[in-house]
Amino acid sequence: MQLFLWLIIAFGIFPSFASAAAGSELRFQRLSSLGVDQLSSLSLLQDKQGFIWIGTNNAGLYRFNGYQSEKYQSQANDKTSLPHDRISALYEDKDGQIWAGTQNGLALFNPQSNNFTRFEPSSGTQNQRIIKAIISDGKTGFWLATWGGLQHFDPRQAKFTLYTHDPARPDSLGSNDLNAIAVDAEGGVWSGTWPAGIDYLAPGSTSFRHFRIDDDVSPDSKLNIVRSLYLGADKVMWIGTENGLVRWDTKQDWTTRQRVDSPNSRVNAIYADRDGTIWAATLSAGLLRWDQKQSRFVQFVKQPIDPYSLPSDDVRAVLHDRGGMLWVATLTDGIALTNLNSKGFKRVIPFDADSDNPRPNNSIGRIVGTPSQELWLTGNNGLALFSLVDGTVKKRFRADKNRPGSLSNDLAYSLYRTKNGTVWVGTSLGLDRLNPDDTFTVFHFGAIAEDYINVIAPGDEGILWLGTGNSLIRFDSQTNTHTKFTPDPKNPDSRSAKGTTTILQDSRGRVWAGAEWVGGGLDLLDQKTGKFVHFRHRSDDSSSISADNISSLHEDAKGRIWVGATNGLNEIITTPTGKIEFKHFTDAGSVGTAKIVAIESDLSGQLWLATVDGLIQFNPETGKAKRYTASDGMSDNFAGASYRDREGKLYFGGTKGFTIVDPTLVNSNSSPPQIAITDISVFNRSLRSANLPSGVRLVGSVTAPRELTITEQESVFSLEFAALHFTDPALNRYAYRLDGFDREWVEADADHRNATYTNLNPGEYTFLVKATNNHGIWSEEVASLRIAIPPKYWQTTWFKWFLFIAAAALLFFIYRWRIGHLTRDQLRLETLVAARLQELLAQQQLNRDNARRMQAILQNAADAILTTDEYWTLETCNRAGLELFGWSSEEIAGMPYAKLCNEDLSERLALCIRSPEFAEKGHGEMEVQQLRVDGRPFFAELSISEFADAGQRKFILIVRDVTEQKRVEKMKTQFVSTVSHELRTPLTAIRGGLGLLVGGVAGTLPPAAEKLGQIALNNAERLGRLINDLLDMQKIEANMMDFNFQRVPLNKLIGDAIESNQAFAQKLGVEVKITGSLPNLALRVDPDRFAQVMANLMSNACKYSPQDQAVRIEAQLLASNRVRIQVIDRGPGISAEFKERIFQKFSQADASDTRAKEGTGLGLAIAKEMVERMDGEIGFDTNPEGGTIFYIEFLGHEILPD
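With mature numbering (1 follows the signal peptide of the UniProt record, and there is no 0) applied, the sequence shown corresponds to residues -20 to -1, 1 to 1182, in that order.
If you are wondering where the hints come from, they were derived from the structure by calculation, not from laboratory data.
Note that the Cβ used here is the ideal one computed from N, Cα and C, for glycine as well.
Watch out, some of these pointers could steer you wrong.
[As the list claims (entries may be wrong)] Computed spacing ranges between beta-carbons, pair by pair:
1) Gly118 with Gln55: 30 to 40 angstroms
2) Arg490 with Gly756: 30 to 40 angstroms
3) Lys946 with Gly915: 11 to 21 angstroms
[Claimed, not checked] Lysine to aspartate or glutamate pairs mimicking EDC-like chemistry, simulated, CA-CA at most 16 angstroms apart:
4) Lys508 with Asp473
5) Lys563 with Glu601
6) Lys28 with Asp75
7) Lys282 with Asp473
8) Lys1053 with Glu1094
9) Lys202 with Asp233
10) Lys629 with Asp582
11) Lys604 with Asp567
12) Lys1032 with Asp1068
13) Lys231 with Asp255
14) Lys231 with Asp253
15) Lys563 with Asp582
16) Lys51 with Asp659
17) Lys538 with Glu601
18) Lys478 with Glu441
19) Lys629 with Glu354
20) Lys119 with Glu72
21) Lys575 with Asp616
22) Lys326 with Glu551
23) Lys215 with Asp229
24) Lys374 with Glu430
25) Lys511 with Glu551
26) Lys1047 with Asp1088
27) Lys51 with Asp65
28) Lys1053 with Asp1068
29) Lys215 with Glu166
30) Lys381 with Asp370
31) Lys538 with Glu551
32) Lys538 with Asp582
33) Lys215 with Asp241
34) Lys399 with Asp440
35) Lys470 with Asp486
36) Lys1032 with Asp1088
37) Lys119 with Asp73
38) Lys901 with Asp941
39) Lys538 with Asp468
40) Lys375 with Glu354
Turn these sequences into a full structure, and let the hints guide you.
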């Protein structure tokens, strides 16, 4: 029997293994996130948390979280570092501790301090430190395969037990060179030695049984060099040798072992994935996968034509992670990953390398199927017929100038197969029809751009719609005639764009056309009229198409038209009124804004959208979408080729072959991710180090923390986290929350995997974080970390209780002291209260007496005194008021004050009590007309003051009848006016006569007569001025003086005033001059009235200035653009008693009959009234140099041009 089996092995009478070319359904992607391009890897491990550990050939150990890795290396002077940088074996024990077997001993990773503890036998050779494999003993220890024998290690005692080869003992280990070990269910140890085959150590025994792999009949020393072992739960042992694989069912006799057909290469490792599938890593034959149904290995090797094949044929380790990714570690080209969870996707590389084309172009532009399981393919290599049955190219059609009837050009951009089997190909040089004799008939349409056939779409019977580089063409394949549709700027109903890249004639016969590169929006052709309707994107219309660049068109089984644009998917909606609108599916939760290069419907009505980055499965009913990328096992860089066969399989072409999609097998990645905190930083300092900052305490490790305590001063910290799901880490998403601070979950993407918190208040918080995988499946568990920020001692509960008790004791002491003090004070207070009571009784009597006196005063007052509430409703009135108005006290109480008025005073009263003067003085005054009970009006002076009564606002009104005063003033005014006018006429004659007499008209007068004449003339002039002043004052008081306001430059006003008064000044021996510069502004005044004011001020200054002195005129620019004009004299000044009445009528500093300076006493009063009526101010100051400064102020204005 044994001889027969080895004959089978020797002569190869067993099923053959599949070649690498058939294994293209796996897509390998090189891992680039480690930061090392070609990491030489020897061992792989995924720990319980989900981290991937990578042992390298000479670069140490890496821990990888999907985005970045942490590197651990041997340091010469650091005994807490790795003992060597070559890591051949990795192992995780039951407690989750990570052990590394290195070239120089065993190392245990300490997660709290982020370093290692070294273990090595106390004695022995260096080879005993070279560890090749580690496996659990099923209890608390583990076995080590070394190049110095078999070792057992008890971590509790840090004890090594060595089993070595002893030439004197046949039952000792067959060889000290071990590369592999396996442990059976009973605890027996199988050791793979070289070159001694397999040794078995039974539980509790020290004797080994020896098993040679080869046989005396057909010896093969390479078979006895055992490089790897795997013993599965089915008790089948897989033996990797220097020359292939051997399979043995340990339930059977050793002689039943069978050499499995496999490449004659060293088998570095044997691994069973999570589904139980056996994988073999070889030295030079790539990766092998055991096909249990076919009882053969499928081989995966590096293929130059396939960028997604295995990167190297030297494979050292294999790992199947919990997310479904298979990790393949190579010695020379880093680590490659492939998704074993991916179902329903198959990559096809149609064109193999050959001697004529060592680097074939596998870019697929268009795909069309046939009924016989074949595909027509176009691209940059002409036209090909590919068999789906055996995966070979049956026919190739290339352009050949030397062969008539060949393809017009190898650049074949479009393809269509009619129902009768005729194949049409659009190239860059025309439209080609494939004839039955495999020759082509070429049709041309004019210029080069017209022959550039981007797309062929079917129309009515025999009609082909062609999209060219310059037009849309309707081609009749039966008559070989065509009609062109080109853009015409003069015709708004013509085609909108020159080029056409996508066309669809829908089930209603409508023809839709769009262009991807030149834009123009979507056009709808009415075949009957030849007119186009244009649909363009409008930013102000959400129902317009999403973009003007159209890349694909598709009609589904329900007749819905779908438009693929460069920024997402649109559905054409026809409203009940017939209007065409567009519904967008460009939201992030739906299709998004990817460019849709092709659209196909599967048999269930789902849409499959091809993009540059992968495929999107879209549900038209819900608007939801699922994304499948290269990590799901398909090709990427799809180029617009798509096709659905009769079985419902979909085909999508790209730049690296095409992908076959079986929608019935496609499933989303349903394995949830593991979530872990990957780093903690306090003030940007990572806590990975064993030396934590002062005030920081971490329970657990940085990657598995349980509690973090930090001080309030250190409460600026960051937490980094990662979803340990490696299918497509860039698409993993996160949500985190700090309970006690964050109210809601904070969402984050893969680029923002950290949370930072600053200046938190003392207290206890819990940080929570969860994650999704690349298809949105949430993690089943939430990673959490308790964070404590202890308060200061004065913020603690015990300190607050201490303060409370101390405060209570103090209050009790104060209470007792206070009671004693109050008792003593009570007697004293009782005495004081009795005395005070007598005082209050006396005061009360005094108050009653005062009230009676006040009532008597009010009742006997000559003026009417009334009180009102805040709404001017009368409450009380004294006797004089009742007599004045004629009402009784009962009638007037509750009466509105308005009933006593002959005018509407509501607005004036409101202005009065809100005025600043009222607030400052506490009262206000005005003249009003009142009404008596019989309706007779009378003039009155009204004084208003405010008081509070029981918290309510009230007013006191004092009304004084001034009717008689008004009558007397009117008589006085009439008298003054009459007398002035009556005196002016004779006075004019007197002044004229005296002037002629003194002037010598009647001859020279004697000196005494001339003197008397001059005195008479001066008195006449004075009397004239008095009459003029009286008339001006009468006009002002009667409000009859007119003002002619003009905007006059300041320099003109001052100059005219000085010029008019210069003669008067010279007569008195005084000079009037301007000092300083005048502001270049204008005043809005009456020029005559302004001159009159200035004349009064300057005449006074001249009269009171000593001779030979100057009266100075100055002008200053004040704030808010106001101008102050000052008249400055050097006279005697103004006495203190006269300053208060200087602007009153008939006021003079010297009122005697013998006063030296003549004047009427009305000039300043008139000047004040005129200045104020021109919106100015007048005043005076004492001149520090002696004399007086009179000033007037007006608002300055810009000088207007003439």
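Quiz item: Can you give the numbers of the hints that this structure goes against, from lowest to highest?
Solution: Checked against the structure, the hints that fail are numbers 7, 9, 13, 14, 15, 18, 22, 24, 25, 28, 30, 33, 35, 36, 38, 39, while the rest are satisfied.
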